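Student: One-letter residues, chain by chain:
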Amino acid sequence: MTAFSIRRVPKLGFVGLLGIAPAFAQASEASTDPLWMVGIKAFLVIFGLLTAFAYMTLIERRILARIQIRQGPNRVGPDGLLQPLADAIKSILKEDIVPRAADKLVFWLAPMISVTFAVLTFGLIPFGPKHAFFGFDPWVINLDVGILYIFAVSEIAVYGIFLAGWASNSKYSLLGSLRSSAALISYELGLGMSLLAPVVLVGSLNLQAIVEWQHTHGWLILYLLPAFALFVVSSMAEAARTPFDLPEAEQELVGGYNTEYSSIKWALFQMAEYIHLITASALIPTLFLGGWRMPGFLTAIPWIGGFFAWPYLWMFVKIALFLFFFIWVRGTFFRLRYDQLMRFGWGRLLPLALIWFLIVAAVVAFKLPLSILAWLSALSLIGFSIYVVLGAKPQAPRRTMRPGVGD
Amino acid sequence: MSSIAALAQGLGITLKALFSKPVTIPYPDAPVPLKPRWHGRHVLTRHPNGLEKCIGCSLCAAACPAYAIYVEAAENDPAHPVSAGERYAKVYEINMLRCIFCGLCEEACPTGAVVLGYDFEMADYRYSDFVYGKEDMLVEVQGTKPQRREAKYTGQAVKRGYAVPYVRAELEGVQAPILKEKRKAPAVREVEAHPADESSSHPH
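Residue numbers (the numbering used here), protein chains in the order written: chain A, 1 to 407; chain B, 1001 to 1204.
Everything labelled a hint here was simulated from the structure, so no lab data went into it.
Simulated restraints, written as ranges between beta carbons of each label pair:
no., chain 1, residue 1, chain 2, residue 2, range
1, B, ASP1124, A, PHE325, 47 to 53 Å
2, B, PRO1146, A, ALA182, 55 to 61 Å
3, A, TYR55, B, GLY1155, 37 to 43 Å
4, A, SER380, B, ILE1013, 22 to 28 Å
5, B, PRO1146, A, PRO78, 27 to 33 Å
6, B, ALA1123, A, ARG75, 17 to 23 Å
7, B, ALA1062, A, PRO78, 53 to 59 Å
8, B, GLN1009, A, GLY347, 19 to 25 Å
9, B, ILE1013, A, GLY347, 26 to 32 Å
10, B, GLY1155, A, ILE264, 46 to 52 Å
11, B, ARG1037, A, SER380, 56 to 62 Å
The structure presented is a predicted model; accordingly, all values stated were derived computationally and were not measured. Note that beta-carbon positions come from the ideal geometry of N, C-alpha and C, so glycine has one too.
Only chain A is shown next, with the shape it has when bound in the complex (with noise of 0.2 Å):
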C-alpha cells in the first residue's frame, strides 16, 4: 500500500500537504521501472527494514553486553540469533491496555503514524547506479526534492509522539510528549542547517545527483567535515538516541510520551524509533560519504577494485558502521540533562551550523574555489584536535559547596 503511496507522490501531493510547492515534487525522469516492480521494491524496503529492526535489537544489546564486558542475550536459538522472535511474539501476546480515560482513536493511531512514516522515507536512498537490481533502479523512488521529502515526512514522526502524549490522557505522558517534541524541533534546526551546506554546493537536493557530485569532485567530508559532524550529532537527536533520548527517559523521567502504552503499540514506537535510527546511517554516507560508491583509493588497486565495486555492499558497509557509531555513543555516554540538551541544541549547534552554511554559501555565490572548503574542512580538524590536546590535560577537581552542617 505504501509503495503506491511513494509512486504517487507527486500526483497525491503528499509533499504539497507539507506546505512545498508540488511543483517541486516532479520526479526527476520518468522512472522505468513498472508499477509492479516498485511495489516489490517498496516491500522489499520495508520487510528489510522490519527485519534490520528486529536484528538490531539483538545487535545493540550484543555490542552493549560486550562493552559492559558481559555477554549479551545467547539463550535463545543459536548464539542468541532467534532473540528477535521471542521478542516479537512476547510483545504481541502481551495483554494490550488502553486507559480508560484514554482518546481510543488517537492511541490507536499515534504509533501508526509514527512507524507509516518513519518506513515512507528509506525508499529514496539509493543503492547503486541505474538498472543495478536485475535491470530496475536501486531505489523505490527518485524525487527532484528527496532531502525535502525525507525531512518533511520523517518530521511527522513528531506528530506520532505528541499525539500519543495527548491521547493517553495521563500527565505523564503529555509532559514527555512535549518535551519531546520541544527536543526534537529545536534539534531539527541544527539538522537542518548542517543540512543546507552539502545541499547549496551540489545545488540539488536529489539524492542521487548528491551522490554523483561526489563520484566527480571526492567525498562532501572533505570539504564539509563540520557540516557532517553537527549532522551527525543532530540526527543522534532526531532518531532520540542516548545522549539525546530525553523522549524515552525511562530511569529518570517515567518513561516518557510512551508511558501508558503496553504490548504491540510499544513496539510500534520502538520500530520507528530504530527505523529512524537506519534511515539516518544511510542518509549520512548518502550525503557525505559518497553513497553507494566505494572509496576511491580502493579503485586504484587493479584486481580488488573491480572486486569491491558491487554497489550494494559498500552501501550496507556504510550502514553498518554508523550503527555501530550509534551504539557505541549509546554505550558510551549517559543522557543529557533537559536543559542541557536545549542549551547545546541552540546555543552550540544551531550557530556552529548556521556560520559553517555561511561559509559555504559565500564559496558557492562567489565562485570560490573548492579548495578552500576543504583546507577550511582540514583546518576545522586541527583545531579540534588541538582542542581536544589541550582540553584532555588533567584538571583540579572543582570544589563542591557542601552545606555547613554535620559534614
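Please arrange chain B on chain A, whose structure you already have, making use of the hints.
Tutor: What follows is chain B alone, placed relative to chain A:
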C-alpha cells in the same frame, strides 16, 4: 573545556572494553571457579586408615549459631571401630535449610572431622531432602542429594557446576573437578559416582 576531550576518552574506554573478554561465566554450561575460602556443603572426613574422624562430641552442634546440626553419639565396638575415638556419631544430621555456611562447626571440631567442602547445588523439592545425614556427607560421597538422585536416574556420573583451581589439604580424599585454566571454561570433568580405587576413603 575539557568536556569534549573527556567524551573522546570515554569512547576509547568503551572501545577497549568492547574487545575485552566478558567476565560473565555462563554458569550451567561452564563451571564456576570457586574461591579458596568458599564454604560449601559439609564433608565428614576420614583418617587415612579409613576410620571416621568424628567422635560424636557434639561440639559442632553447640557451636552452630543456626542450630542446624544434630548429633547422636554411640560407643565404638572395639573389634570393629567406626571412628578413631571411644565414641562415634551414630546419627549426624545437618539441616541445609537452617545452615548459614558460617564454618563455625569446622572451627569447633576438635578432630577436623567436619569440613565445609565445595558443593552448593542443593536445591530440592522436599523439606526432608534438605536434611543431610552421614550417608550424604562422608568423603566418598560425590555431589549433593539432588545431583546424586539425577545421576541415579540417568545412569551418568554426578555432574557438578564448579571447578576448583586448588585442593585444600583438609579436603583430601574429596574428588572435585579441577580447573585447568583460569577463566577459560573447560567442560566439567566427569567424576565417577563411586570411585573404586580410593585407598584412603573406604573403611577397612
